[in-house]
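Participant: Chain by chain, the residues:
Number of protein chains: 2
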Amino acid sequence: MGELIRLDTRRPSVEPLWREVVGRRLREHRRRRGQTLAGTASRAGISPQYLSELERGRKDPSSEILAAVVGALGTSVAEIAGQAQHDLSRGTTTMMAA
Amino acid sequence: MGELIRLDTRRPSVEPLWREVVGRRLREHRRRRGQTLAGTASRAGISPQYLSELERGRKDPSSEILAAVVGALGTSVAEIAGQAQHDLSRGTTTMMAA
Chain A
16 MGELIRLDTR RPSVEPLWRE VVGRRLREHR RRRGQTLAGT ASRAGISPQY LSELERGRKD
76 PSSEILAAVV GALGTSVAEI AGQAQHDLSR GTTTMMAA
Chain B
16 MGELIRLDTR RPSVEPLWRE VVGRRLREHR RRRGQTLAGT ASRAGISPQY LSELERGRKD
76 PSSEILAAVV GALGTSVAEI AGQAQHDLSR GTTTMMAA
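Protein sequences, first through last, are from chains A and B.
The C-terminal position of the first sequence is numbered 113 in our numbering, with every residue numbered one higher than the one before it.
The C-terminal position of the second sequence is numbered 113 in our numbering, with every residue numbered one higher than the one before it.
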């Protein structure tokens, strides 16, 4: 929290955690669709609190939960994975800007 | 097991589970590097049994475990995610051929 991290731009050896980049993308999808936490969570069959934890990268979703959430958002695991891969490949710098 | 599944080729609405495609790719990386379950697991700080379960898609790894395993394999979460995305995008048919 608030710490400066030395970045090696030649090799992004410190990747953000998978759940962090996935969570960020899930939130982005939900907001872009104008959905509330409660609405998306209800469609996915999970609690709004749990969805919020997923979006904030606090919890690792099981593959079944991930599938349910992306289904509720009208997207796919493949799409989220591609976006998360993109975020990971850019390294950590841009992840701290959000 | 052994059931026929009707595939909708227009829209792959039934994606394989994330842990299944990731596990398959982890195993592929390990074998290509000529590493044993025991060797990779030791470097990742997990048991060979657990690594085997991950490779077979039986368990969802935490993001920390995933990072440890890809590190032990000399690859990255981004690379695995990209490959898994590719597998998911191809749909379920090819996943059943392995």
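Hints were generated in silico from the structure; no laboratory data involved.
Predicted model, so just to flag it, every value in this text is computed and none were measured.
Be careful, since some hints might not be right.
Pairs count within a copy or across copies, as identical chains cannot be separated in the list.
[What the hints assert, rightly or not] SDA-like mimics (lysine to any residue), calculated; alpha carbons at most 25 angstroms apart, straight line: (1) K74 with G86; (2) K74 with E35; (3) K74 with L32.
Participant: A separate judgement is required for each hint: does it hold in the structure or not?
Facilitator: Hints, one by one, checked against the model:
Within a single copy, K74 and G86 get their C-alpha atoms as close as 19 angstroms, and across copies as close as 21 angstroms, so both meet the 25 angstroms cut-off. Taking the shortest Cα distances, K74 and E35 sit within 25 angstroms of each other both inside one copy (9 angstroms) and across copies (19 angstroms). In this homomeric assembly, K74 and L32 come within 25 angstroms of each other (Cα to Cα) both inside a single copy, at 11 angstroms, and across copies, at 18 angstroms.
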